[in-house]
Amino acid sequence: MTQDLSVALVFIVYAMGMLITFGTVLTWVERKQAAVMSDRIGANRAYIRIPFTQVKLVWWGLFHGIADGLKMMLKENFQPRTYDRIAYAIAPWVVFTPVLLVFAVVPFGGTLDPGRLVPALADWFHGRTYPMQIARLDAGLLVVFAFSGLTIIGTMLAGWSSANKFSLLGGLRAGSQMISYELVMGLTVLGLILLFGSIDLGAIVRRQSGIALGFLPAWGIVYQPFGALLFLTAAIAENKRIPFDLPEAESELIAGYYTEYTSMKMGLFMFAEFIEIAIVGALFTTLFLGGYNLPYMNDSGFAFPGGATIALGHAAVVVIQLVTFLVKVMLVCSFQILVRWSLPRFRYDQVLSFAWKFMLPLALANLAVTAVLLWSQQGGRL
Amino acid sequence: MTKVSYRRKQYWNEPTLSLWEQAYLPEILRGLAITSTVFLRNMWRWVTGRKGALTTYYPEETRADYSPINRGKHVLTQRPDGSPQCIACNMCATVCPAKVIEIEAGFDPADAAHPKFPIRFEIDYSRCIFCGLCVEACPEDAIRMAKETPHLPSADRHDMWLGLEELLAWNPQRDVAKPYPAKGGADNTGGPA
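Protein sequence lines, in the order shown, are assigned to chains A and B.
If you read the first sequence in the working numbering, its first letter stands for residue 1, the second for the next number, and so on.
If you read the second sequence in the working numbering, its first letter stands for residue 1, the second for the next number, and so on.
So that you can see chain A by itself, here it is in the shape it has in the complex (with noise of 0.2 Å):
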């Protein structure tokens, strides 16, 4: 009991961490990118100074993200006159929070067995394994669409809550844009779950440890190709980035519905968003790009094409498998960054017919071509 408490709250802390960690990092990386991509050098003379000496850490700009945390912590916290103000004041959180708790279910690493891992702990763990997800739900992607359609609910708050009535409309441009790409959203991984036959992603993440067509590793972009880029295009139009963020269009709605907020509450806005980035990466990652694991391995070792395998040890497993999560998660980033940095922003009529006339029938398309050939292999039988 103490022992299942204490491996879930070692897995929660460095989730929090993790997720944290990429929230800021993801400023400096978004910067230094979008910079690198347009032949500028992008923001560095944010410098820290060693005390008593003369030194001044610049470190390619990766203060400016703390410096940016100053500076919303430290500005004035107007509020406009709404008599709503217990919307004012959650409407921040109730944003912030479900983007933390997606995190819950998403596997990032294999199977943890802390009794091989650290031998003095071996007799109080009795040989219990942990699957390193913080929530082993078998309802794992229900969840992570359940939770995303929490922070539709505080966009629109946001939006009513200021009292403005153009802010009251980017909330209500962003609402309807939201719930029109988490439906979109669900629609393109049910070719996967028919695929996987299970949504729990960890489950999902195992599967995907074999072997398809023969040489490919048997990852979900080998088996649904045009799922996995409707998945993504319907991933970043969720989370309102470029091309599709017009609700909080820079140069022309000032924030849309974050315009009345300040400091703090907006820099909890712009937080949000950025794990929400990492977010989108972590559930692609997890569902198309083979989770945690290399190609071709598994919790043992690696498991080549040719029979050929290479059996590694525990540590060197766990370590491999966090390391690949990070990096791949960090790919789809840079992916969701250069994308940003480089398509020009939709109109929000083409915005919403993007996604009803165009992306849902071709969601169901791909769902019924999958339908149509897992069909077909089980030999024609339903």
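These aren't lab readings, by the way, just hints derived from the structure by calculation.
Any given hint could be a false lead.
Below, a list of computed lysine-lysine pairs in the DSSO-like style, where the Cα atoms sit at most 27 Å apart [said to hold, decoys possible]:
no. : chain 1 : residue 1 : chain 2 : residue 2
1   : B       : 99        : B       : 147
2   : A       : 56        : B       : 116
3   : A       : 265       : A       : 357
4   : A       : 32        : B       : 51
5   : B       : 116       : B       : 178
6   : A       : 32        : A       : 71
Pairwise CB distance ranges (calculated) [to be verified]:
no. : chain 1 : residue 1 : chain 2 : residue 2 : range
7   : B       : 46        : A       : 10        : 34 to 40 Å
8   : A       : 25        : B       : 59        : 25 to 31 Å
9   : A       : 364       : B       : 17        : 21 to 27 Å
10  : A       : 364       : B       : 38        : 34 to 40 Å
11  : A       : 56        : B       : 126       : 21 to 27 Å
12  : B       : 174       : A       : 76        : 51 to 57 Å
13  : B       : 153       : A       : 364       : 57 to 63 Å
14  : B       : 38        : A       : 345       : 56 to 62 Å
Glycine is no exception: its CB is placed at the ideal position from the N, C-alpha and C atoms.
Assemble chain B onto chain A, guided by the hints.
Chain B alone, transformed into the frame defined by chain A:
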């Protein structure tokens, strides 16, 4: 009255999308390929030690291609004996739109041609807009502007007032078209020789 039908002007590019462009995704991928190529090229340059950006990292670096007629830091021209040609007429201070020039005039009775001279001539570079109106207004070609403004950024705005010594000495220029007699000599109104 006969009705003239309006004929749309012929544009150089087609306003309608071709089928390939309407498919949207190939053009998106082409755009992403262009930007990721630029990203990888610049990252390669950074990683191999060169500068992977076109930015001039001001003020540590400056560009070398300023135009020769660019308006930069002011130069006070000198007479052959090193004193400023400025006669403290205050025309530059009057015309300055940002009112950054402060002049205090002194009187030298020994010099018949130009009795007035500046004992204090200061320009506030934190507010100067580098318009060049002072250069246009000066009747004596006593103030010019060089093409660069070295060491303009400063951490303290009190540092950015430049006085007579710095403006005279940093880029010494003389107008050779004005030969001056010795002080107190025959009257010479000054002007091109």
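Here is what the structure says about each hint:
1. Taken as a hint, the residue 99 of chain B and residue 147 of chain B pair is honoured in the structure, with Cα atoms around 21 Å apart against an allowance of 27 Å.
2. For the hint pairing residue 56 of chain A with residue 116 of chain B, the CA-to-CA distance comes to about 50 Å; that exceeds 27 Å, so the pair is violated.
3. Between residue 265 of chain A and residue 357 of chain A the CA atoms are separated by roughly 36 Å; this puts the pair beyond 27 Å, and the hint is violated.
4. The suggested pairing of residue 32 of chain A with residue 51 of chain B holds, with an alpha-carbon distance near 14 Å, which does not exceed 27 Å.
5. For the suggested pair residue 116 of chain B and residue 178 of chain B, the alpha carbons sit about 17 Å apart, so the restraint of at most 27 Å is met.
6. Note on residue 32 of chain A and residue 71 of chain A: the hinted pairing holds, with a Cα-Cα distance of about 20 Å set against a maximum of 27 Å.
7. The hinted range of 34 to 40 Å is satisfied by residue 46 of chain B and residue 10 of chain A, whose Cβ atoms lie roughly 37 Å apart.
8. Distance hint for residue 25 of chain A and residue 59 of chain B: a CB-CB separation of about 29 Å, consistent with the stated range 25 to 31 Å.
9. In this structure, residue 364 of chain A and residue 17 of chain B meet the distance hint of 21 to 27 Å, their C-beta atoms being roughly 25 Å apart.
10. Distance hint for residue 364 of chain A and residue 38 of chain B: a CB-CB separation of about 37 Å, consistent with the stated range 34 to 40 Å.
11. Here the CB-CB span from residue 56 of chain A to residue 126 of chain B is close to 24 Å, well matched to the stated 21 to 27 Å.
12. Under the hint 51 to 57 Å, the C-beta atoms of residue 174 of chain B and residue 76 of chain A, about 56 Å apart, fit the expected range.
13. Residue 153 of chain B and residue 364 of chain A have their C-beta atoms about 60 Å apart, which keeps the hinted 57 to 63 Å range intact.
14. For residue 38 of chain B paired with residue 345 of chain A, a C-beta distance near 20 Å fails the hint of 56 to 62 Å.
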